[in-house]
Amino acid sequence: MGKISLAVERTIFWSRWLLAPLYLGLIGILAVIAYKFVLEFVKLIANINNEEHVFIVDLLALLDLVLLANLILIVLFAGYENFVSKIEVAAKSVDRPYWMGTVDFSGLKIKLIGSLVAISVIELLKDFVGLSVDLDAKVGDGIIWRIVIHLTFVVSGVLFAVMDWISDSRVARTQGRKEPSGI
Numbered sequence: 012m013g014k015i016s017l018a019v020e021r022t023i024f025w026s027r028w029l030l031a032p033l034y035l036g037l038i039g040i041l042a043v044i045a046y047k048f049v050l051e052f053v054k055l056i057a058n059i060n061n062e063e064h065v066f067i068v069d070l071l072a073l074l075d076l077v078l079l080a081n082l083i084l085i086v087l088f089a090g091y092e093n094f095v096s097k098i099e100v101a102a103k104s105v106d107r108p109y110w111m112g113t114v115d116f117s118g119l120k121i122k123l124i125g126s127l128v129a130i131s132v133i134e135l136l137k138d139f140v141g142l143s144v145d146l147d148a149k150v151g152d153g154i155i156w157r158i159v160i161h162l163t164f165v166v167s168g169v170l171f172a173v174m175d176w177i178s179d180s181r182v183a184r185t186q187g188r189k190e191p192s193g194i
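Converting from the sequence shown to the working numbering requires adding 11 to each position, the first position being numbered 1.
Wrong hints could be hidden among the right ones.
To be verified - Lysine-lysine pairs mimicking BS3-like chemistry, simulated, CA-CA at most 30 Å apart:
| # | residue 1 | residue 2 |
| --- | --- | --- |
| 1 | 14 | 47 |
| 2 | 97 | 122 |
| 3 | 47 | 120 |
| 4 | 137 | 122 |
| 5 | 47 | 122 |
| 6 | 120 | 54 |
| 7 | 103 | 122 |
| 8 | 14 | 122 |
| 9 | 120 | 14 |
| 10 | 120 | 137 |
| 11 | 120 | 103 |
Calculated from the structure, these hints are not laboratory results.
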């Protein structure tokens with residue numbers, strides 16, 4: 012039984028490398044987002060003399076792409092380091108993000124939900140800029156659903172933070188440490 016158990020454990024441990032191609036795919040998505048950003052930036056510059064609301068919507072589209080790229084990078088770094096392997100080439104780099112290697116799964120969830128809330132806010136701002144231009148427009152079902160989804164993201168983020176705080180408090184009590192002071 013010992014040899015079978017060892018083989019199963021080695022296979023399970025090795026299986027984490029099946030995630031590596033997924034993270035490489037995220038790098039490809041970052042390249043696509045960078046290309047899309049350049050296209051949107053050129054569009055913004057070409058339409059710089061348009062009405063202010065068009066400029067604002069185009070600018071918000073750029074911000075949306077940047078936040079999406081940041082979200083992907085967070086997942087890429089934290090996911091790879093948490094589930095596959097440490098990124099050794101970054102260990103002594105002066106460019107290494109301060110949070111790299113310190114974001115655990117719980118922290119990753121909080122960063123993800125925070126990014127989703129920010130992206131959701133930008134989408135809502137686009138809608139509201141459109142409404143402010145067309146004062147006769149009515150708030151449609153699409154905007155109402157976006158608001159509901161945004162509020163769901165906000166509530167989810169708060170609940171994730173509360174769950175992590177409760178979990179940290181329990182761990183602190185079982186280990187005899189001082190409890191976390193706040194969320």
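Hints, verified against the model:
Distance restraint check for residue 14 and residue 47: the Cα-Cα separation of roughly 52 Å exceeds the 30 Å cut-off, and the hinted pair is therefore not satisfied. Distance hint between residue 97 and residue 122 is fulfilled; the C-alpha atoms sit about 19 Å from each other, no more than 30 Å. The hinted pair formed by residue 47 and residue 120 meets the criterion: a straight-line CA distance of about 26 Å does not exceed 30 Å. Of the pairs offered as hints, the one joining residue 137 and residue 122 holds, with about 23 Å between alpha carbons and a cut-off of 30 Å not exceeded.
Taken as a hint, the residue 47 and residue 122 pair is honoured in the structure, with Cα atoms around 24 Å apart against an allowance of 30 Å. The hinted pair formed by residue 120 and residue 54 fails the criterion: a straight-line CA distance of about 34 Å is larger than 30 Å. Proximity of residue 103 to residue 122 is assessed by CA-CA distance (about 24 Å); at most 30 Å being required, the pair is judged to hold. Restraint check for residue 14 and residue 122: not satisfied, since their Cα atoms lie roughly 41 Å apart, outside the 30 Å limit.
For the given pair, residue 120 sits about 37 Å from residue 14 by alpha-carbon distance, which is inconsistent with the 30 Å threshold. Taking the CA atoms of residue 120 and residue 137, the gap is near 26 Å; set against the 30 Å cutoff, the hint holds. Distance restraint check for residue 120 and residue 103: the Cα-Cα separation of roughly 26 Å lies within the 30 Å cut-off, and the hinted pair is therefore satisfied.
In summary, the structure is inconsistent with hints 1, 6, 8, 9 from the numbered list given earlier, while agreeing with the others.
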